[in-house]
Structures are given as structure tokens and as C-alpha cells.
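Visitor: Listed below are the residues making up each chain.
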Amino acid sequence: MLAALLVMALGAVILGAALGYAAVRFRVEGDPLTEKIDAILPQTQCGQCGFPGCKPYATAIAKGEADINQCPPGGDEGIRKLADLLGREYKPLSAEHGVEKPKALAVIDEQRCIGCTLCIQACPVDAIVGAAKQMHTVVAVQCTGCELCVPVCPVDCIAMEPIAENITTWKWKYPVVTIKPVTTH
Amino acid sequence: MEVSGRDHQTRHHTLTMRLFDFNGGVKPDYQKEASTQTPIAVSPTPTFLVIPLHQSIGGTPRPLVSVDDRVLKGQRIGAADASISGDLSSAVHASTSGHVVAVEMRLMPHPSGLSALCVVIAPDGRDEWIERKPFDYRYHTRDETRDYLRDAGVVGLGGAVFPTHLKISSGKEDRLDTLIINGAECEPYITCDDALMKERADAIIQGVAILHDLLAAGQVLIGIEDNKPEAIAAMQAAVRARNPSDMEVIAVPTRYPAGGAKQLIRVLTGIEVPHGKRSTDYGVQCFNVGTAYAIHEAINLGQPLISRIVTVAGNVTTPRNYEVLVGTPMKTLLAQSQRLPDTDCLIMGGPMMGVALPSDEVPVVKATNCILAGSKKLFPPPPPEMPCIRCGECATVCPADLQPFELYWFSRAKIFGKAQEYHLFDCIECGCCSYVCPSHIPLVDYYRFAKSEIWAHESEKESADKARDHYEFRQLREERETQERSARLAAKAATSRTAAMAVPETPATENIPVSATGSATPAALIAAALERARAQQVHPKNTTDLTPAQQAEIAAIEARRTEIRTQAHPHLPLDD
Numbered sequence: 001m002l003a004a005l006l007v008m009a010l011g012a013v014i015l016g017a018a019l020g021y022a023a024v025r026f027r028v029e030g031d032p033l034t035e036k037i038d039a040i041l042p043q044t045q046c047g048q049c050g051f052p053g054c055k056p057y058a059t060a061i062a063k064g065e066a067d068i069n070q071c072p073p074g075g076d077e078g079i080r081k082l083a084d085l086l087g088r089e090y091k092p093l094s095a096e097h098g099v100e101k102p103k104a105l106a107v108i109d110e111q112r113c114i115g116c117t118l119c120i121q122a123c124p125v126d127a128i129v130g131a132a133k134q135m136h137t138v139v140a141v142q143c144t145g146c147e148l149c150v151p152v153c154p155v156d157c158i159a160m161e162p163i164a165e166n167i168t169t170w171k172w173k174y175p176v177v178t179i180k181p182v183t184t185h
Numbered sequence: 186m187e188v189s190g191r192d193h194q195t196r197h198h199t200l201t202m203r204l205f206d207f208n209g210g211v212k213p214d215y216q217k218e219a220s221t222q223t224p225i226a227v228s229p230t231p232t233f234l235v236i237p238l239h240q241s242i243g244g245t246p247r248p249l250v251s252v253d254d255r256v257l258k259g260q261r262i263g264a265a266d267a268s269i270s271g272d273l274s275s276a277v278h279a280s281t282s283g284h285v286v287a288v289e290m291r292l293m294p295h296p297s298g299l300s301a302l303c304v305v306i307a308p309d310g311r312d313e314w315i316e317r318k319p320f321d322y323r324y325h326t327r328d329e330t331r332d333y334l335r336d337a338g339v340v341g342l343g344g345a346v347f348p349t350h351l352k353i354s355s356g357k358e359d360r361l362d363t364l365i366i367n368g369a370e371c372e373p374y375i376t377c378d379d380a381l382m383k384e385r386a387d388a389i390i391q392g393v394a395i396l397h398d399l400l401a402a403g404q405v406l407i408g409i410e411d412n413k414p415e416a417i418a419a420m421q422a423a424v425r426a427r428n429p430s431d432m433e434v435i436a437v438p439t440r441y442p443a444g445g446a447k448q449l450i451r452v453l454t455g456i457e458v459p460h461g462k463r464s465t466d467y468g469v470q471c472f473n474v475g476t477a478y479a480i481h482e483a484i485n486l487g488q489p490l491i492s493r494i495v496t497v498a499g500n501v502t503t504p505r506n507y508e509v510l511v512g513t514p515m516k517t518l519l520a521q522s523q524r525l526p527d528t529d530c531l532i533m534g535g536p537m538m539g540v541a542l543p544s545d546e547v548p549v550v551k552a553t554n555c556i557l558a559g560s561k562k563l564f565p566p567p568p569p570e571m572p573c574i575r576c577g578e579c580a581t582v583c584p585a586d587l588q589p590f591e592l593y594w595f596s597r598a599k600i601f602g603k604a605q606e607y608h609l610f611d612c613i614e615c616g617c618c619s620y621v622c623p624s625h626i627p628l629v630d631y632y633r634f635a636k637s638e639i640w641a642h643e644s645e646k647e648s649a650d651k652a653r654d655h656y657e658f659r660q661l662r663e664e665r666e667t668q669e670r671s672a673r674l675a676a677k678a679a680t681s682r683t684a685a686m687a688v689p690e691t692p693a694t695e696n697i698p699v700s701a702t703g704s705a706t707p708a709a710l711i712a713a714a715l716e717r718a719r720a721q722q723v724h725p726k727n728t729t730d731l732t733p734a735q736q737a738e739i740a741a742i743e744a745r746r747t748e749i750r751t752q753a754h755p756h757l758p759l760d761d
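Chain order of the listed sequences is A and B.
Its first residue numbered 1, the first sequence is counted upward by one per residue in the working numbering.
Its first residue numbered 186, the second sequence is counted upward by one per residue in the working numbering.
For the record, the hints were derived by calculation from the structure and aren't laboratory data.
Keep in mind the model is a prediction, meaning the values are calculated, not measured.
Heads up, some of the hints might be wrong.
[As the list claims (entries may be wrong)] Listed next, the in silico DSS-like pairs over lysine-lysine satisfying Cα-Cα at most 27 Å (straight line): (1) B/Lys646 x A/Lys173; (2) B/Lys636 x A/Lys36; (3) A/Lys171 x B/Lys651; (4) A/Lys101 x A/Lys91; (5) A/Lys36 x B/Lys599; (6) A/Lys173 x B/Lys599; (7) A/Lys81 x B/Lys383; (8) B/Lys636 x B/Lys599.
[Claimed, not checked] One-sided excerpt, in silico: chain A residues whose CB lies under 10 Å from chain B: (9) Ala39; (10) Gly53; (11) Cys54; (12) Cys123; (13) Pro124; (14) Val125; (15) Asp126; (16) Ala127; (17) Val141; (18) Gln142; (19) Asn166; (20) Lys173; (21) Pro175; (22) Ile179; (23) Lys180.
Think of the CB as a built atom: it goes at the ideal place given N, C-alpha and C, for glycine as much as any other residue.
Bound-form chain A, shown alone (with noise of 0.2 Å):
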């Protein structure tokens, strides 16, 4: 009887110990799932969501305070990733938080700049460069196309330029023909 309440509490213990050890030695710092949810999100940090960024999106997402079909620049397919992981229904872009374009970038008119450093303020990824009262310019590989420099603007100097496909960033087109039926009128 004894012996066996002995073995038992030993058991206890040492499964214990075990897993407390485990619990400090292999602890996930941070919430793996808004991980998995912001490397989803295209991390333009344009905030059409209503949240500060894509972290605050994706952790938004993760608490299940937010819904996945807010993220425009993500478009149908990130929503259907989005679906894919958390596991839900499938859902399109909500027309609120505005709709799917193509990937855009600034470009600043130099001769128009004023050098007042309110778009520099605005950028959320540091892509634009200047001082006060010098001119500024846009840094294209960093720009992520959010537009928030835009409206910041008292000059209205900037513009949303598209961007146009090039040798090295053409695409094959998918070869399947799709048919579609034809409207009379």
C-alpha cells in the first residue's frame, strides 16, 4: 500500500520536473498563430484594415476580434489563405475597407516637393528620404504602395504610379483557355 503510494508520488515528481523543465526549455515566445497570420498578410503596413499595421491586424485576426476579409492589398488570395489556415468559410474582400489594385508606388514630383517632411512622417516603412525645406524622393525598392503619403501631402506632389511588367518580372501566361458563355443582347 505504502509502496505503492510511494511509486505513485515519485511518478508525480519526476513527471513533474519534466514538465516544468520542458515548459521553460521549449517555451514559444510569442503567439506562433499571429506569426503564421502577419507572414500571410502582404505587410504593406497601409492600415485600410482600421488597425496601425499588419501586426496589429494579424494579432486582431488571432484574438478573433477582426475578420479576415479586411485586407484589400491582400486581396482574394491572401482572404483565401487566410481561410486556409484559420480553418473558416471563405469570404470576399469586405467593400468598406476598400477593394484589390494593382501594386502601385510613389513617385514624388521633384520640382513640385516642398521639402515640408509630413510624407516622411506619414511612411510606415521608411521609404522616403529628404530633409526639411529639401527636396525629398521616394526609395522605390522600399515603397510598399500603401498610399498613406498621399493625402499627407499639402502640395499634392505625389502620384500612385503602377507597375509595369518588364523582361525579368513577366509571367507565362496559365495556358488553360477558359470558356465563357456569350451574352446576347
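Assemble the complex: chain A is given as a structure, and chain B must be docked to it using the hints.
Guide: Positioned in the frame of chain A, the structure of chain B alone reads:
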């Protein structure tokens, strides 16, 4: 495997050497005789040369010339830009002397029909060379030789245009067991390597000797398909003339795609390079015969790569090989070979792997091994695509040992992750699977689609990761700045407070009540601040120290003002 050779030498070599075999492959109609009847012709210099800056794998070289510059033949017009693409690019040169007419976007020999930056040169007809100096690699370091080859624009001429200098490792000495020279040229219609080997075997062997030295290779195997007996004989004569004991010309069985690098390595050495490995991991490196010739020209003659042999074949009256300056518009060549009137398409490369060209205006580039004119009769449009019947014929012929039908399903369904698991990127796009498919499915089109989608996804992912880093860094910086600002403000408030405490003799701060902790109460601080502000108030200086005359004048003015006011508004009381 025994292979019949034409002369005794071939038989001797092939009998002593055991050949291996690769799986799959097809035997299409070769159609090579027509263009091999006549020797290589020199194509005429066109009115304008359009030289694309981007001709190899890697970033676009930076243009070194501008409009109206005079250039000499062999002058570098585009330099590999280390700041953009690192080492991974190769230079381009003017193919003849003349003037730069434009540096602009021109249509490229690419299936997209898009344009890229080109240097347009109007030749002056003098064909004046730059100063040509041989480069003795034995007196230079390996890095210098690499840089020389990069600046001479030497790239792989087998079709992939991989910069040759990247195949020579920079740091340590290579120790290759086997150097393979690829003269197999397995695709139908293409005969440019055949013509080069027949006519310039000695120059090729000189280039091979340089590679042999540079890479410190144990043995050199030159693989040529056995449907090119004249080329095999010429190459063997050239090897015998130089008499190296470790260099062998080997006839390999004719079967498409024996000229694929991995396939030729397997046939000659029996080494099967597995997925994710390179042939150099197994001590084998492969170069095309055209590349060896270009290396000879660059190193022994000091001539950069400005021309290549191009086969013009298909729907033309006189198919043949031309030595063409890079940048020559394709229509110049097609005019030489007299394109037939019913030509309805142009293909760069062969019928198995070639790509359709958007126009005949596009220039010949370093990758152009063949220009194939097509017609409805020659290449009838494929029958309509039918559903896959899972016959497995494609898997039987796949030389890369893949499962083409699986790749097809995953590519068609856009399940790219699965396609990659089935080693989509091991596909060499040889076209054997499409060739045998009884349902006429353009399988390679699906693989090309899937590959370019995956590349686009990867580059998108990369830029998203960069954007995340930038965003997180900005968050961090903003937080730090806020902290610094509040720390600065707190420090300032503390100093002003201690300053206010430290000057009790000021009349305004005399009676500040002090709280129990020893610091002034907020109400007392406000009172003190108000007092200080009052003390600082500026009084007008022109109302003090007035002379009696001035005071009298002021009084008179005030009296007049009162009088005027009473006259203007008699009903109003005087306001002062």
C-alpha cells in the same frame, strides 16, 4: 554500351570507355542535313545594330556610352554592375565600330514581347578594333582571370547564357575530376556547334586547354552525338595535333536530350547529380563548345564576345550557319537565307525548347543559337488539348526522372507547393513529355507558368519580409524617440523646479508654501510663474521722464480728442 564510330580512333576510344545511359528521351526528326551542306557564312553588317544590355543571367549591366559617342569594335558598352547584381552579370560590347544612335528601350527576342534597354549603333563600315591584347592567365590571380572573363562578356553559349566567370570559383583552387565539353547539340534543326566544330576545331581545343588549366581538371571528355561524324573527326584531329593524353573525344548515342548538362554528365561519367546538388559537388563541370571557343578568343586573342554562330533553318530557301555580330536584327539573316512567303512564325532555338518571337526586328543576342522560320505546313498547329488519360507516357520519356503528369495536375490546379515537392525546378523544359503526350497537352507551358508564378511569389515574399523589418524598425525608433523626449522633458522640468527652489530671495517666491515633501505646491508654483511674468512685463518707454512741454502737448491733444468724440457721437457717454 558500344557505339559505332567512323574511323579507327573513335572506335578505339569508345571501346575503351564505358558509356552510361540516361532514362527517357525521344528521337525526333533531326532535320540537320540542310544547314550543314555549306560552310559558315559571315552575315553582312546591318544598317543598325541593336545591342541589348541584358544578355545573361543576372542584373542589367550599366550603360557606359551615350548618344553620339563613337565606339570601336569590341569596346565595352555595358559593365556588369556590382552594386545591383553583385558579381552575377556579364559585360556587353560594341560588335563593330560606329556611332551610338540611341540608348533606348527596344523589342527583345523574348516571348513576352516586352522591351528592354538597348544600345543602338550605326556602323561606320570601318570595322575598327580596340587594342587587342592576349591575356596570359598564368601570370594573373584567379580573381583577375574571373574579372577579365566577366569584362570580356563570356557567357555560356549553349542557350542558358550563364556567366562563365561564375563557373570558375574565386577562392580556392578547383580540383575537378572531369571537365566535360558539350558538343552534343541534340535539338532538331540546330547545327551551329556542329559547324563550329567542323571548321574551328583547333580554336575550340585551345579554349578547352585553357579551361583544363584553370579548373585543374583530371580528364577532359568532349561529348558529341554520333550523328555528327565530321565534327567528331575534326575534333579528334585537333586533339591529336596537340597530343594531350587526358583529353578524349567521345561519340555519344544520338537521343534527345543528350545535350542537357545533367544528361551528358550521366552518359559520360555515370554520375547522377541528385536534386538540390550541383555537378561540381561530384567533381564534374560542363561547358559548351561555343563557350570554349569564346574563351579562346577572349584569352588568346583579346577579343570579347561580340559574335556567335547562328543556324537559320526551317521555312527558308537556303538554310545555313552564319557568323553573326550580336545585335544584328533577325530579319537581316532571314533575308540572307530567303525566308519563304508562307512563313507565319519565328522561333528562337529549336522546335522542342525554342520560344516564339514577337517580331523579326528583334536582334540576335548571345543566347540565339538558331532562328527557325515556321509555317503551317512545317509546324502544323497542335490538335486541341484533350484531358489527361494518365497513360504515363510522359514519365517514361522524362530525362530528369520526374513525374510530368503530377507536375501538370499541380500546375494546372495552381498548387505550387506540391509542384515544388515533386521537384518542378529539376525540369529542364526539354519538351519530351509534350512531344509524346497523346492528349496533346502543352505540358511545358504549364511548368513554365508554375515556375514563373513561384518566382514571383518568392520575390513578393522577400519584399514583404523587408517591409516588415522596416516597419518594425520604425516602430522601435518611434518608441525610443518618445522615451527620449519624455526623459528630456522630465529632466527640464526637474531643473526648472530646482532652480525655482534655489532662489528664495526673489520677491515673488518669498512666500511659496512648501509641501511636506520639501517641494513647492502646484498653486505656489503657478503664483510664482505669474509673478515672474508680471515682473518681465515691458512698460512703454515714451510715457516716463516727460518734459513739462511734452506733458502740456499731450494734455492739449487729449482735450481735442475728447471734443471731437463728443461732436461725433453726442449721445454716447465718454468712454474715458
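Visitor: Is the interface hint for valine 125 of chain A satisfied, with its Cβ closer than 10 Å to some Cβ of chain B?
Guide: 4 Å, holds
Visitor: What's the verdict on lysine 173 of chain A and lysine 599 of chain B, does the C-alpha distance respect the 27 Å limit or exceed it?
Guide: This hinted pair holds, its Cα atoms lying about 12 Å apart.
Visitor: When the nearest CB of chain B is found for lysine 173 of chain A, is that gap smaller than 10 Å?
Guide: Result: holds, 7 Å to nearest chain B Cβ.
Visitor: Please check whether proline 175 of chain A passes as an interface residue: C-beta within 10 Å of a C-beta belonging to chain B.
Guide: With Cβ-Cβ at 4 Å, under 10 Å, it holds.
Visitor: Hint validation: isoleucine 179 of chain A versus chain B, beta carbon distance must be below 10 Å. Holds or violated?
Guide: 12 Å, violated
Visitor: Would you check the hint for lysine 171 of chain A and lysine 651 of chain B, treating anything up to 27 Å between C-alpha atoms as holding?
Guide: 23 Å, holds
Visitor: Is the interface hint for valine 141 of chain A satisfied, with its Cβ closer than 10 Å to some Cβ of chain B?
Guide: With Cβ-Cβ at 8 Å, under 10 Å, it holds.
Visitor: Hint check: is the beta carbon of alanine 127 of chain A less than 10 Å from a beta carbon of chain B?
Guide: 7 Å, holds
Visitor: Any CB of chain B closer than 10 Å to the CB of cysteine 54 of chain A?
Guide: Where the cut-off is 10 Å and the nearest Cβ of chain B is about 7 Å from cysteine 54 of chain A, the hint holds.
Visitor: Answer holds if the nearest beta-carbon of chain B is closer than 10 Å to that of lysine 180 of chain A; otherwise answer violated.
Guide: 17 Å, violated
Visitor: Would you check whether aspartate 126 of chain A satisfies its interface hint, that is, whether its CB is within less than 10 Å of any CB in chain B?
Guide: 5 Å, holds
Visitor: Please check whether glycine 53 of chain A passes as an interface residue: C-beta within 10 Å of a C-beta belonging to chain B.
Guide: Result: holds, 6 Å to nearest chain B Cβ.
This entry does not satisfy hints 7, 22, 23, going by the numbered hints stated previously.
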